[in-house]
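Chemist: So the protein sequences, as listed, match chains A and B.
With numbering that gives the first Met the number 0 applied, the first sequence covers 0 to 366.
With numbering that gives the first Met the number 0 applied, the second sequence covers 0 to 366.
I should point out that these hints are in silico values taken from the structure, not numbers from a laboratory.
All values reported here derive from a predicted model rather than from experimental measurement.
There's no promise every hint is true.
Sample of chain A residues lacking proximity to chain B, with all beta carbon distances greater than 12 Å (derived) [said to hold, decoys possible]:
#1 Thr32
#2 Gly46
#3 Lys163
#4 Thr227
#5 Thr318
#6 Gly325
Short, incomplete list of chain A residues facing chain B, as computed with Cβ under 7 Å [claimed, not checked]:
#7 Leu99
#8 Lys103
#9 Asp128
#10 Asp132
#11 Asp147
#12 Cys153
#13 Ser196
#14 Ala247
#15 Ser265
#16 Ser278
#17 Gly287
#18 Ile324
#19 Cys336
#20 Val337
#21 Asn340
The beta carbon of each residue, even a glycine, is placed where N, CA and C say it ideally should be.
Protein chains: 2
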Amino acid sequence: MTHDIASEISPKAGDRIEALSTPRPIIDEDRLTGNIARVQAYMDKHGLNFRPHIKTHKIPALAHAQVAAGAKGINCQKITEAEAFADAGFEDILITFNILGPEKLVRLSALNDRISGLKVVADSTATVDGLSDYFATRKQLTVLVECDTGGARCGVQSPAEAAKLGKYIAGKPGLNFAGLMTYPKPDNAAATQEFLSQAVALLKAEGVECPIVTNGGTPSLFDAHLVTAATEHRAGTYIYNDRSMVRAGHCREEDCAMHILATVVSRPTEDRAVIDSGSKALTSDLLGFTDYGQVVGYPEAVIKGLSEEHGVIDLSKCTGPRPQIGDKIRIIPNHTCVVSNLFDQMVFHRDGVVTRVEDVAARGLVW
Amino acid sequence: MTHDIASEISPKAGDRIEALSTPRPIIDEDRLTGNIARVQAYMDKHGLNFRPHIKTHKIPALAHAQVAAGAKGINCQKITEAEAFADAGFEDILITFNILGPEKLVRLSALNDRISGLKVVADSTATVDGLSDYFATRKQLTVLVECDTGGARCGVQSPAEAAKLGKYIAGKPGLNFAGLMTYPKPDNAAATQEFLSQAVALLKAEGVECPIVTNGGTPSLFDAHLVTAATEHRAGTYIYNDRSMVRAGHCREEDCAMHILATVVSRPTEDRAVIDSGSKALTSDLLGFTDYGQVVGYPEAVIKGLSEEHGVIDLSKCTGPRPQIGDKIRIIPNHTCVVSNLFDQMVFHRDGVVTRVEDVAARGLVW
Numbered sequence: 000m001t002h003d004i005a006s007e008i009s010p011k012a013g014d015r016i017e018a019l020s021t022p023r024p025i026i027d028e029d030r031l032t033g034n035i036a037r038v039q040a041y042m043d044k045h046g047l048n049f050r051p052h053i054k055t056h057k058i059p060a061l062a063h064a065q066v067a068a069g070a071k072g073i074n075c076q077k078i079t080e081a082e083a084f085a086d087a088g089f090e091d092i093l094i095t096f097n098i099l100g101p102e103k104l105v106r107l108s109a110l111n112d113r114i115s116g117l118k119v120v121a122d123s124t125a126t127v128d129g130l131s132d133y134f135a136t137r138k139q140l141t142v143l144v145e146c147d148t149g150g151a152r153c154g155v156q157s158p159a160e161a162a163k164l165g166k167y168i169a170g171k172p173g174l175n176f177a178g179l180m181t182y183p184k185p186d187n188a189a190a191t192q193e194f195l196s197q198a199v200a201l202l203k204a205e206g207v208e209c210p211i212v213t214n215g216g217t218p219s220l221f222d223a224h225l226v227t228a229a230t231e232h233r234a235g236t237y238i239y240n241d242r243s244m245v246r247a248g249h250c251r252e253e254d255c256a257m258h259i260l261a262t263v264v265s266r267p268t269e270d271r272a273v274i275d276s277g278s279k280a281l282t283s284d285l286l287g288f289t290d291y292g293q294v295v296g297y298p299e300a301v302i303k304g305l306s307e308e309h310g311v312i313d314l315s316k317c318t319g320p321r322p323q324i325g326d327k328i329r330i331i332p333n334h335t336c337v338v339s340n341l342f343d344q345m346v347f348h349r350d351g352v353v354t355r356v357e358d359v360a361a362r363g364l365v366w
Numbered sequence: 000m001t002h003d004i005a006s007e008i009s010p011k012a013g014d015r016i017e018a019l020s021t022p023r024p025i026i027d028e029d030r031l032t033g034n035i036a037r038v039q040a041y042m043d044k045h046g047l048n049f050r051p052h053i054k055t056h057k058i059p060a061l062a063h064a065q066v067a068a069g070a071k072g073i074n075c076q077k078i079t080e081a082e083a084f085a086d087a088g089f090e091d092i093l094i095t096f097n098i099l100g101p102e103k104l105v106r107l108s109a110l111n112d113r114i115s116g117l118k119v120v121a122d123s124t125a126t127v128d129g130l131s132d133y134f135a136t137r138k139q140l141t142v143l144v145e146c147d148t149g150g151a152r153c154g155v156q157s158p159a160e161a162a163k164l165g166k167y168i169a170g171k172p173g174l175n176f177a178g179l180m181t182y183p184k185p186d187n188a189a190a191t192q193e194f195l196s197q198a199v200a201l202l203k204a205e206g207v208e209c210p211i212v213t214n215g216g217t218p219s220l221f222d223a224h225l226v227t228a229a230t231e232h233r234a235g236t237y238i239y240n241d242r243s244m245v246r247a248g249h250c251r252e253e254d255c256a257m258h259i260l261a262t263v264v265s266r267p268t269e270d271r272a273v274i275d276s277g278s279k280a281l282t283s284d285l286l287g288f289t290d291y292g293q294v295v296g297y298p299e300a301v302i303k304g305l306s307e308e309h310g311v312i313d314l315s316k317c318t319g320p321r322p323q324i325g326d327k328i329r330i331i332p333n334h335t336c337v338v339s340n341l342f343d344q345m346v347f348h349r350d351g352v353v354t355r356v357e358d359v360a361a362r363g364l365v366w
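Chain A extracted, bound-state conformation:
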């Protein structure tokens, strides 16, 4: 045997994608580059700062490519992610999360001490008081107010509340108020604009400036210019794209840079194929779909059920050839970000030839 076991577990540049063992997520280099360039060009055209969210890829080399294309800083969702990217040289990091509790504040402060542009968000006096109590005797922490402009997750509920909390932060020891942040509902630009512009005006009337107003999300990214109150936009999924972004109209199927490479391991019946990719490769994220991904080349195939290591595909609607045992197929996942979180390494390719393997450096970090 000339087969090199170690190299198979960790593919190397020059390997053929078809020779990889499955399940494996793979990233198309040209689509990746295209996605970065297209979104950056849009932001540049509209004079918006762009802050990519690294939760989608968790790979420093990709964030460096995003910044090289023109992005201003990055967005993380947790302290440990931000630490991994600080290790990789990033200085301007916004953590869009309410950070609470002594065990997190000590790490947040250590991170604040070693990079120049750390920023966090808060949506309550409870969070702000916790930050102020801790940072009052330390290097000042920059804080934005998180606003619920319709997304119904975190955030203050009105422009008046945003202004009130912003003013509160501005008066608190240890804290530097820097503006507003929202993770908006898609297709809701008018309401987002209304909320943010009112909050900025209310703060200005109180003599409080908002240097940063940060809007976000990939699904309605190309509406970002309609939110003129925003100074910057954040987005993560756009770099890989996925089935939900195709449905949202953000991109075409040909812009989906991530595929899950899977093998057909069983054809128990004429209408059933079983693949070696289940919820531990595709995840159970439905995002409004009723099935678990799009099988490339078999448009009528329906991935109707997942267990951890198996995916069950209904072929009953397939009018053309059906995949056979041993065939390797590619699947566009419903949601790419959660797939990144399952794998320690990501394999990149161009035209089916491996170009590089990157560690998913910020995967599996506990908090």
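The hints should help you fit chain B onto chain A, whose structure is shown.
Modeler: Only chain B this time, still in chain A's reference frame:
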């Protein structure tokens, strides 16, 4: 500050659970021990061999505890999992998967060479031919026929097909036919028994013995004695249990050994709480539920939506006190196995005091 950052990231014995940063899955030692003992006692009473599926925990120390309690061998779902457990000293490993392709066969053979009791399954002549071609000139591989007794995943569709494929394996160079395997539909013991007993009889009529007939699953585990054709039972989830096992009637809520420890980070409205545990902690597995876990102590709270790092809880039905910002809460996940797959370490505790931290040794192995 006396806070030790490194020890916080990796908690140590004696730490209080409430001091852990969140999100964190935690395992109750006494419930764990109780679950192992209860199921083993049932198997012993009915004279069934028991083969725990390690996919649920992926931790060698727990498999050693299962074997110490009386289990005969272990069940893995992929080669790389089996390798991790062979490294930990296990010899009797059944991989319940159709293994295909040269890149996997080379590793399967290397594993077969180093442990005494490796077994795999197959449900097609395509899989069997691939195994036989490779193993014909190597140490013989033991193969069982996977039977679809109603689970509608992999498996031959009838006792006649099972007998035919069993006889085929028995005649193939490099392979040793050892019996039948099924992953059954829950609450389907009569049909499972009918399928397996017929297949055994057909094989016996052809002069082919079935030393192993292995049935499986946790939901209907306590019906395993009704499948008298089976010589052994496999189950994974029973060791931790979860919300879906409570619903299935397999266990009580007090038998759920895994909780996700989460912090309330936002209370944007009277009826909404947001926690720091999203799909990267709880997973999106619904398993027939319409929400994403059971909040301990808040029976009317509904985890209605997850994004990667946030969980949105609807409190509108709560009649008692509502959780406040900063509160740490415990959640019973819908499905415990997929949570194990997200974390590199698992924290164990007794009465809220950390007892040990185990590496999730077989997590994130690609195939």
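Chemist: Evaluate each hint against the coordinates.
Modeler: Taking the hints in turn, this is what the structure says about them:
At roughly 25 Å, the least C-beta separation between Thr32/A and chain B is larger than 12 Å, which holds for a residue marked as non-interface. With a least CB separation of 29 Å from chain B, Gly46/A remains clear of the 12 Å interface cut-off, as annotated. Look at Lys163/A: its CB is around 14 Å from the nearest CB on chain B, clear of 12 Å, so calling it non-interface holds up. Every beta carbon of chain B lies more than 12 Å from that of Thr227/A, the smallest distance being close to 25 Å; the non-interface claim holds.
No Cβ of chain B approaches the Cβ of Thr318/A within 12 Å, the least distance being about 23 Å, so the stated non-interface status holds. With a least CB separation of 5 Å from chain B, Gly325/A falls inside the 12 Å interface cut-off, contrary to its annotation. The beta carbon of Leu99/A comes within 5 Å of a beta carbon in chain B, closer than 7 Å, and the hint placing it at the interface holds. Hint status for Lys103/A relative to chain B: holds, with the closest Cβ pair at about 6 Å, below 7 Å.
Interface hint at Asp128/A: violated, since its Cβ lies 10 Å from the closest Cβ of chain B, which is beyond the 7 Å cut-off. Against a cut-off of 7 Å between C-beta atoms, the interface hint on Asp132/A is violated, since the closest Cβ of chain B lies about 12 Å away. Restraint check, Asp147/A versus chain B: the minimum CB separation of about 6 Å is within 7 Å; hint holds. Look at Cys153/A: its Cβ gets to within about 4 Å of chain B, closer than 7 Å, so that hint holds up.
Interface restraint check for Ser196/A: the shortest CB-CB distance to chain B comes to about 21 Å, outside 7 Å, so the restraint is violated. Against a cut-off of 7 Å between C-beta atoms, the interface hint on Ala247/A is violated, since the closest Cβ of chain B lies about 15 Å away. Among the interface hints, the one on Ser265/A holds; its C-beta lies about 4 Å from the nearest C-beta in chain B, closer than the 7 Å criterion. Annotation: Ser278/A was flagged as interfacial toward chain B, and the flag holds, the nearest CB pair being 6 Å apart, inside 7 Å.
Because the closest C-beta pair between Gly287/A and chain B is about 12 Å apart, greater than 7 Å, the hint is violated. For Ile324/A, the interface hint holds, the least distance from its beta-carbon to any beta-carbon of chain B being 4 Å, beneath 7 Å. Annotation: interface hint on Cys336/A holds; nearest CB of chain B at approximately 6 Å, less than 7 Å. With a cut of 7 Å, the hint placing Val337/A at the interface with chain B holds, because the nearest CB-to-CB distance is about 6 Å.
Against a cut-off of 7 Å between C-beta atoms, the interface hint on Asn340/A holds, since the closest Cβ of chain B lies about 5 Å away.
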